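2 protein chains.
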Amino acid sequence: MKIAIAQHNYHVGNITANTKKIIESIEKAKSQSADIVIFSELAICGYPPQDLLEQKGFIELSQKAINNILIHTQGITAIVGAPSINNAEEGKRLYNSAYILQNEQIKKIVHKSLLPTYDIFDEYRYFEPNDIPETVEINGHPIAVTICEDIWEEQPVDQPFAQSRLYKKAPMKKLIANQPELIINIAASPFSYNQEEKRKDILRRNAYEYQLPLIYVNQIGSNTDIIFDGASKVVNDNGEIVAQLKRFEEDFQIFSLQKINKIKPIKAYEGDSRIKQIHDALVLGIRDYFQKSGFKKAVLGLSGGIDSALVAALAAKALGGENVHGLLMPSKFSSDHSVKDAEQLAIKLGMTYNIVPIKDIYSSINEAMKPVFPTDNQFDVTEENMQARSRGLLLMAYSNKYGNMLLNTSNKSEAAVGYSTLYGDTNGGLSPIGDVYKTDVYKLCEYINTTEEIIPWNTINKPPSAELRPDQQDSDSLPEYNVLDKILFEFIERKQSVDDIITQGFKSEDVKKVTRLVNTSEYKRFQFPPILRVSSKAFGLGRRYPIVAKFE
Amino acid sequence: MKIAIAQHNYHVGNITANTKKIIESIEKAKSQSADIVIFSELAICGYPPQDLLEQKGFIELSQKAINNILIHTQGITAIVGAPSINNAEEGKRLYNSAYILQNEQIKKIVHKSLLPTYDIFDEYRYFEPNDIPETVEINGHPIAVTICEDIWEEQPVDQPFAQSRLYKKAPMKKLIANQPELIINIAASPFSYNQEEKRKDILRRNAYEYQLPLIYVNQIGSNTDIIFDGASKVVNDNGEIVAQLKRFEEDFQIFSLQKINKIKPIKAYEGDSRIKQIHDALVLGIRDYFQKSGFKKAVLGLSGGIDSALVAALAAKALGGENVHGLLMPSKFSSDHSVKDAEQLAIKLGMTYNIVPIKDIYSSINEAMKPVFPTDNQFDVTEENMQARSRGLLLMAYSNKYGNMLLNTSNKSEAAVGYSTLYGDTNGGLSPIGDVYKTDVYKLCEYINTTEEIIPWNTINKPPSAELRPDQQDSDSLPEYNVLDKILFEFIERKQSVDDIITQGFKSEDVKKVTRLVNTSEYKRFQFPPILRVSSKAFGLGRRYPIVAKFE
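As you go down the protein sequences, you meet chains A and B in turn. Per this note's numbering, the first sequence runs over residues 1 to 552. Per this note's numbering, the second sequence runs over residues 1 to 552.
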């Protein structure tokens, strides 16, 4: 029995485009004599569809799409992820389902049992869990069709306070009673830099525990902030990975069920380095965000600093340097090298750019506010913010006039401690590096410079500064980034308490200051652009804190 | 048996302050010889605590608070809502619980069975549902202690596509077997203008169905965007409401269990008008947002238009007119009356204000961008936005210099169709009227003017305009507000499909245009300030859409 894996980039909500891809792959699978072709979780509508699922019109369109696909299934079985309606009087309106389509008939609809409802996942918001998992017989072979979390009843956890078993049931323990010959798992498993290792563990453990080959079908592509990396896999009944589809690209491959256990395992399979993974994910994330929202060109402020340099380099990779425009907006506090470094970068990346000093705008704001401000007005954070907001305003003027989407250039360390100006450098349609700590910003720049100097070494090597007042350096008010980032990681990713972090050996005053800054800058992050998620705990939908909360 | 209801305003995350209130009310109840004193759901930590629940330090502090309360329970039973740890190996880490504290002992911990996970609720994100509800015996009386949703197994729905029975179980159906003498329901039931009627129906139906008196304890106060209106109730065993605590205020009352069924029902109890409810909720919401985040003073832009006038009036009511500052920022497109109307309002409300024309800032931006813009540059939306962003910048300068929090003045109709400038008039720490449709903005102003002219009638009666270009009126590009708001309500609150709305008799072109504008302006709302929720479907946490979604 020949089984095709179709690993696609779905556009969330764009049922028409997704259906077209699915039908094309069914035809391709038929032309290559496949018996089964498998698509990933919620392939019809893309993931995560969020509250579109609550719209009747959306579900109707999804059902119509299934009917359109159906007529292409003569002589083949297609397994397609889609929402289905729960017709019972009790329970949520929908199921998260795998449609088994065969010879123009809906042969069966398998519902997901375990519904992830943590971090970025909200599945119990929409779906009723399935209590009676059943195997499906395809061409005489009983198969355990599972949906993503269904095989994650026990999962590795990053946080000491989290549970590893979130569910009281384990669908595979029931399915195994029907003696399936194969486990299929259709997934929408988002990328984070430590997810691939976890995934492999889960897949190998399931195949080994049940002594069954396992075919895992993920999707690729980015929908707003959530990036999918593909890497669909085939695992033999000894728990060894024997094949893997491309990462961050669409792919299509066919395997023979009978031969899976005879394929030589991928020897000591090593993933890409953490930094390469993040790099590739961000490039895909930027490209898809633009393509899926109908933009071609980007604009960003180039300060000569490392954050904007990294975003420019990633954007040039994703969109082409000619589609990225830079505004260099020096003030009297900008260092001598800032403009030079920024120009060197823009030229290297093939970007267009303008130099627009903010001096006169800054003066006119001060002039306008003179009657309002105290007569003995002192330069303080107000005036620092005025500069950042003048730049934000010019960038948006460019964006509006030419239709380039503004890219935000804040990193995760800054976003965490609120070291940014709301409506100034927090502006943007997308934040590409808002989930990348500053120490990783350096590593990404070095990675990009592996073979040649793309980002000026001067930009990488100079001490980081916001350049909003004379001789300002980031380390004036914050611990050095190598300390700051470790404290932030323990607090944000690992959710450790202040006491626990201090016990690890960090200075008490540093830990208290940093965690307090994180807690009190929630209001800024609330108005942040969407941030491409590359870690296990990004700011955004996966991290929800009440702004007025008082907890220190 | 004397039962006290303690209806408090809890500050989310502020366990110390909440615990103090709880202890004070226990002492008060003891001094008035009450046998039981009841606090609302998650009283210890406030609602909604969101991801604070995932922090070990937060749960430890909550457990300590229970122990601090415990020593005050000699001679009384206190029922206190708090998270508790699920010690089982499987399932979520926590329960949403009612602690029954009696004579310095934890007599029992009752866990919530039905976990709302829809709209603004994310309870299954944190909590394991309880499968075995049991009654509690207090002073020889078996009592069914339930937590909020536990008695909402069947609920009225506003949307035709939604389910009325979201759960496969009904805790009261099990609890009734133990022959309780009373139902207690501790709640964190947020305000929306149609919630009070639904609540009364649910409470009456439960009391009547089980032929038991029912005591319902809600909380009041606002945490970020979610407002609680209190109105705790006592219902007799015939399903009649016999007592109700204050709305939008803390309250404390004592009832005799034996006498509940003898109290005369509140005759034909009528709630406040919808507009008065919204008014009172918004005033509380503003006051609490400032108080809980440590702010005293507000600033806002006064355009002479109706939206900023309403926000100013609400803020003056919440904070005192002397704590609200207005900036009047006319441009050459401002109408003659704009400044005059705004000044009249500020004076009436006892506000301070400044007039800061934006002419020179606007010119300096144009001057700076001249080399960047096309040589034959035409006035377009870019220049409109420049004006709005200049105003946003000046308001934030004032906010930074004097520590006044900026209030956003957008209404729900604008926010829905994206009729606003990002980083311009979308700025603010809080959006008081972002969940109020324009037609209700008018009604609120008229309500405020019931006895005297607070908001200038000229402001209310002139045609609405953004005044960003000559002779601009809102109706140039949108249907009239009385049509627009109805279409928006059907699409947003009722989640009707485009076809369904057209079938209701609206013009096809209007419906298509309006729904398309809603779908394509998601990116603006993503960066909006928190919006005080007064409807059943507000923009914010309760409405989640993918920005890149393609669905029309």
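Keep in mind the hints are simulated off the structure, nothing from the lab. Treat each hint with caution, since some may be false.
A pair counts as met if it fits within one copy or between any two copies, since identical chains are not told apart.
[Said to hold, decoys possible] Here are the computed lysine-lysine pairs in the DSS-like style, where the Cα-Cα straight-line distance is at most 25 Å: (1) Lys-512 x Lys-64; (2) Lys-462 x Lys-340; (3) Lys-359 x Lys-297; (4) Lys-370 x Lys-359; (5) Lys-30 x Lys-108; (6) Lys-276 x Lys-317; (7) Lys-359 x Lys-495; (8) Lys-28 x Lys-246; (9) Lys-550 x Lys-495; (10) Lys-495 x Lys-56.
Note that the coordinates shown come from a computational prediction; the quantities given were computed from them, not determined experimentally.
Hints and how they fare:
no. : hint              : result
1   : Lys-512 x Lys-64  : between (55 Å within a copy, 21 Å between copies)
2   : Lys-462 x Lys-340 : within (13 Å within a copy, 53 Å between copies)
3   : Lys-359 x Lys-297 : neither (27 Å within a copy, 31 Å between copies)
4   : Lys-370 x Lys-359 : both (16 Å within a copy, 15 Å between copies)
5   : Lys-30 x Lys-108  : within (20 Å within a copy, 63 Å between copies)
6   : Lys-276 x Lys-317 : within (14 Å within a copy, 56 Å between copies)
7   : Lys-359 x Lys-495 : neither (43 Å within a copy, 49 Å between copies)
8   : Lys-28 x Lys-246  : within (18 Å within a copy, 68 Å between copies)
9   : Lys-550 x Lys-495 : within (17 Å within a copy, 35 Å between copies)
10  : Lys-495 x Lys-56  : between (38 Å within a copy, 7 Å between copies)
In summary, the numbered hints that this structure violates are 3, 7.
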